[in-house]
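Quick mapping for you: the protein sequence lines, in order, are chains G and X.
Sequence positions in the first sequence follow my numbering and run 27 to 189.
Sequence positions in the second sequence follow my numbering and run 272 to 394.
Hints were generated in silico from the structure; no laboratory data involved.
For each residue, glycine too, the CB sits at the ideal point set by N, CA and C.
Treat each hint with caution, since some may be false.
Said to hold, decoys possible - Some chain G residues judged to face chain X by a derived CB distance under 10 Å, without partners named:
no.: 1; residue: Val72
no.: 2; residue: Thr78
no.: 3; residue: Trp88
no.: 4; residue: Tyr89
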Amino acid sequence: MRATRAQSRSYSTVLKTMLLPAGYSVERWSYTLQRVTGVVVTLYFVLHVVETGNFIGGPGVWYVPSKDFAASYYEQVKELLHNPIFDAGLVIIGWMVAFHTINGLRLTLAHFGITLGKPTRVDPESPPRSFSNYQRAIFWASIALATFAAVYSVDALFGVLSG
Amino acid sequence: MREKNVMLLHYLSGVGILIFGGIHLFTVFFTRPLGETVWETTLLFEGHQFAILEVYRNMLLASSLWFLLLFTTFHGLNGLRVILIELFPNRAVRSATRYVLLFLGFALMVYGTRTIVIAHMIR
Numbered sequence: 027m028r029a030t031r032a033q034s035r036s037y038s039t040v041l042k043t044m045l046l047p048a049g050y051s052v053e054r055w056s057y058t059l060q061r062v063t064g065v066v067v068t069l070y071f072v073l074h075v076v077e078t079g080n081f082i083g084g085p086g087v088w089y090v091p092s093k094d095f096a097a098s099y100y101e102q103v104k105e106l107l108h109n110p111i112f113d114a115g116l117v118i119i120g121w122m123v124a125f126h127t128i129n130g131l132r133l134t135l136a137h138f139g140i141t142l143g144k145p146t147r148v149d150p151e152s153p154p155r156s157f158s159n160y161q162r163a164i165f166w167a168s169i170a171l172a173t174f175a176a177v178y179s180v181d182a183l184f185g186v187l188s189g
Numbered sequence: 272m273r274e275k276n277v278m279l280l281h282y283l284s285g286v287g288i289l290i291f292g293g294i295h296l297f298t299v300f301f302t303r304p305l306g307e308t309v310w311e312t313t314l315l316f317e318g319h320q321f322a323i324l325e326v327y328r329n330m331l332l333a334s335s336l337w338f339l340l341l342f343t344t345f346h347g348l349n350g351l352r353v354i355l356i357e358l359f360p361n362r363a364v365r366s367a368t369r370y371v372l373l374f375l376g377f378a379l380m381v382y383g384t385r386t387i388v389i390a391h392m393i394r
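With the rest of the complex left out, here is chain G:
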């Protein structure tokens, strides 16, 4: 199916709506962050499955190798992956995983109608409000916990507390 010009314009509008929440409410930030973190963590997950394949000697190994072979192969890969740039990437992944988890719990609760509160009369004069107070609190908790997770990962990966 070939997209017409009007259609492709609407694709870019949707993409812009998805990715640029600046100037809108926190609801929109929550929506965008949930999607962006989801995509990035999924890409990380694919790489992580590939990378952990090196525990047993890499992608070519479909038999049980000797422990010495697996260990020496792993040490080589570890030397390659253990560097400040990859560690910094893991800190960002840590932030994203923690945010996506807690904000995802908020969405799961909302799916089953929990934390949404009673429906209220719509006031045409005030801006739309879709977060209940509980939902808003969980969103900010997810930001806070994600930041804690990032700080914790900095210590776990770089060892800043070891002195």
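Given the coordinates of chain G, work out where chain X should sit on it, guided by the hints.
The following block gives chain X in isolation, referenced to the frame of chain G:
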């Protein structure tokens, strides 16, 4: 499968990831002594209570990794599908997406399962 049920599975697999991912992160990050990095402890090949080979040799931990693989594969790829449907609401993209993601999911499961089973058997 109806979209309603797929989304229910999406939420359930999310809760599954919370449980099994919690176990995974616990063994990697919370069993190290404070002041030592994961690189010096849990990411050793051997020689720590939760070093790589120790985790894979343990039947319960290895199985929990497999469930984490299963849930994350489904949850991640279904998430991509949902985003792509929102972006391109037409049938051709939807059908192409479905087959590409099914193939990718199958490949991830095969490769990940290989790693877990073989690492469990290394002596």
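Hint check: 10 Å Cβ-Cβ cutoff, Thr78 of chain G to chain X:
Holds, about 6 Å.
Is the hint on Val72 of chain G kept, meaning its closest Cβ partner in chain X is under 10 Å away?
Holds, about 7 Å.
Quick one, is the Trp88 of chain G hint okay against chain X at 10 Å, beta carbons?
For Trp88 of chain G, the interface hint holds, since the closest Cβ of chain X sits about 6 Å away, which is under 10 Å.
Hint Tyr89 of chain G vs chain X: min CB-CB distance below 10 Å?
holds, 8 Å
Hint check: no violations occur; every hint is consistent with the structure.
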